[in-house]
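Trainee: Here is how the chains run, residue by residue.
2 protein chains.
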Amino acid sequence: MLNKQPYKGTRDFFPHDKRILDYIFERMRCTAESFGYESYDGPLLEDIELYKAKSGEELINEQIYDFTDRGERHVAIRPEMTPTLARMVAQIHREYSKPLRWYSIPNLMRYEKPQKGRVREHWQFNCDIFGAPGRMGEVEILDIAISLLKSFGANSSQFEVLINDRQVIDVLFTKILKLNSEESTKMIKLIDRSKKLTPELLEKQIAEFLKENKSVTIFYDYLKLQNFEELFTFLDNHGHIEAVLNLKSIMTPLQALGLIEFIKFDPTIARGLDYYTGIVFEIFDKNPENRRAICGGGAYADLLKIFDEPSLPGVGLGLGDVTLLDFLKTHKLLPEKITQPHNDIQLCTDQADSINTLLSISDKLRKSGLKVIVSLDVVKFNKVFKDSEKNGADFVGLIGENEKNNCTIQIKEMKNRIQKEFKLNDINDLIIAIKKKSL
Amino acid sequence: MLNKQPYKGTRDFFPHDKRILDYIFERMRCTAESFGYESYDGPLLEDIELYKAKSGEELINEQIYDFTDRGERHVAIRPEMTPTLARMVAQIHREYSKPLRWYSIPNLMRYEKPQKGRVREHWQFNCDIFGAPGRMGEVEILDIAISLLKSFGANSSQFEVLINDRQVIDVLFTKILKLNSEESTKMIKLIDRSKKLTPELLEKQIAEFLKENKSVTIFYDYLKLQNFEELFTFLDNHGHIEAVLNLKSIMTPLQALGLIEFIKFDPTIARGLDYYTGIVFEIFDKNPENRRAICGGGAYADLLKIFDEPSLPGVGLGLGDVTLLDFLKTHKLLPEKITQPHNDIQLCTDQADSINTLLSISDKLRKSGLKVIVSLDVVKFNKVFKDSEKNGADFVGLIGENEKNNCTIQIKEMKNRIQKEFKLNDINDLIIAIKKKSL
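Chains A and B supply the protein sequences, listed in that same order. Residues 1 to 439 in my numbering are what the first sequence spells out, letter by letter. Residues 1 to 439 in my numbering are what the second sequence spells out, letter by letter.
Hints may contain errors.
A pair counts as met if it fits within one copy or between any two copies, since identical chains are not told apart.
Quick list of in silico lysine-lysine cross-link-like pairs, DSS-like style, CA-CA up to 27 angstroms [said to hold, decoys possible]: (1) Lys150 x Lys435; (2) Lys98 x Lys404; (3) Lys337 x Lys367; (4) Lys332 x Lys367; (5) Lys4 x Lys98; (6) Lys8 x Lys52.
I should point out that these hints are in silico values taken from the structure, not numbers from a laboratory. All figures in this text were calculated on a predicted structure; none of them were measured in a lab.
Let the sequences and hints guide you as you build the complete structure.
Mentor: Printed below as a string of structure tokens:
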């Protein structure tokens, strides 16, 4: 016998769950479009080389779904959207006026060990801006991320945006600690994991890369930095105040947008080995029970380089449906009614020869934009209302023997059980009543 | 250097193309929901066994994208949605009241030889009804398919619904021609391909299965049937008038819905080796230049059997985005404006210190639901309008030196270049003007 359960780590979306997903997709679309971002999409499969060139090692070695197709092409199911985006932008960026503002909500697959907040197939909201002046792209992407969460009713007591700058990290490692590029790369990985390590393990791993006591002290000083002021003082003390310019330049615009309350400097945000080159951020749930990143993003300068195209600076964000849903559930931000179906009217009859009349009415109602369920078999009127309630119908239309003979229909308003008879030869009155949701 | 082109047979959807796709998705959703259908979705990957149990041989042997995952599971990218749907319905059908009305618009992959109307990744609108009485599910699914095409403005001079009944085919082969079940299966395949074969090849293939001259004559008589009346006479002449009951019973309801003009009997519609057991149909473009099936579907009785569940009759349709788009383009049914972006207002300044003011205004306008593009750098006012036109902005807001000093903003209506000054401390007047699209 075949298994009824979905493939490990993936989800079946029954209507109840799909309505929730559609609700969050709709908020993503509205938010992106309110900033003038245009929707794009790309293929489910890409040449594996694209990911080898752009994605981190862990992803390629452990997480990607790759295989050889019937034509001997080595392909992969997209584990992230940015490489596809880069490929597409590389095709057309010369003809488009800048900045280019694009968004997408693709389904992505990674071979993860399924656990809370981690599945193998998820949807990810991606917003990217290319060719924005100065650090204004960073400001706009942060604005979009925060506006999306605010559109669900979330506030600064529930989430925070932890921010850092890869250029600060770069100055710390190459200029202040004088590491070479290989050591520096490994240290970025270490920063990324530092919060998850025990103090002993962290100490041990630091000792591998930093031989001098002085360097270790500086690195611990860095990890202890709590806010922008402390970072600025730290860099100033080490003679590299120029490294704060990026972070400083986004403060005034974020102030103008009323977003400063959400923003916090965090020395451990580094976004791994990804393509980021500038400001990077992760949005965290502030609830200690659900302490995880809901959204991540940052600035990248050289995404088109692998296509031999001139560099075009970009800033992007990625936000997955699973962690977002966990966040919304944790803070009770999902309205009850979105999980229920809604229809305008359900049409029923207890007369076998009136079903075709119902069909004809349903066609007229639908043409005026209404959502209409027809009971396709004769019904017992006393059983109709439970069914209509389940279908979320605002009204029920009934044709009994009298109505059949008089060419009329009884309409009942579900919320108050008020009832009114309408003539079938003038359906417009009925349409108006349904649309204003009152008989 | 990496290839900028998408994987063979797949498509990049740049904003211009994505807007067209979103437009047809929106029409699919609206149509399904106007019939009370609820949205569902399932995983991108399924156990290969699911398709082996339900899909045709050609699909498994030549078209499916299958591979072994890192945990040694043999999986496939979904080539169609019905097996997933069956798996999901098998899980929950006992708890749901009938009929169950579901729709989905998944992306699907098949290893096809790319050509006009055929790609490797496409989106398919799926609508299914389970547990409808009599043949009313068939009527409703046909109604949905036709309503969708009509919602694009298509009419009966542009498309037709070719219809047949697997039970008629069954009676023809097993009762009238007295073939065994293996021969019968092969003949269904032959029927399916009959229009594509030359008369000589058809004759040759028929001769393989039908040994007696009398049988050959009967089969040719069948293939020549032009309409329901001729079919009814044919069956009556062969003593099997009972086989017309299904087709007869959908005529009156289709009449009530005004759909008869779209419906035509076609003896060659059989829907291959699929899971169909009753009425089957394909919708064809009537334009001889684009003579292909836009949509196919039919009734199936035993979809849950492979899960050891009691049978639950269903009717479904599948309609792909590629053939639909070809149809809409052939008949010029895509409105020009859907390919253009639309925004409510674009905000600009030529004063560097006013960009933050623009950000603050943009936030207020977006909170009231408007689509706002901010020019993130100072602009030359004489160059703004070309850009705003490209962005499809209804209005342009400008802060020059005077406006900066007076705390105001000049608003220009793009379509007539009427201009009006608004105070920044009372942004509501501006919001009202933009919403009613007139200064």
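Trainee: Give a verdict on every hint.
Mentor: Hints, verified against the model:
1. Lys150 x Lys435: between (31 angstroms within a copy, 23 angstroms between copies)
2. Lys98 x Lys404: between (64 angstroms within a copy, 25 angstroms between copies)
3. Lys337 x Lys367: both (26 angstroms within a copy, 22 angstroms between copies)
4. Lys332 x Lys367: between (38 angstroms within a copy, 22 angstroms between copies)
5. Lys4 x Lys98: For Lys4 and Lys98, the Cα distance is within 27 angstroms only across copies (20 angstroms; inside one copy 49 angstroms).
6. Lys8 x Lys52: For Lys8 and Lys52, both the intra-copy (25 angstroms) and inter-copy (19 angstroms) Cα distances are at most 27 angstroms.
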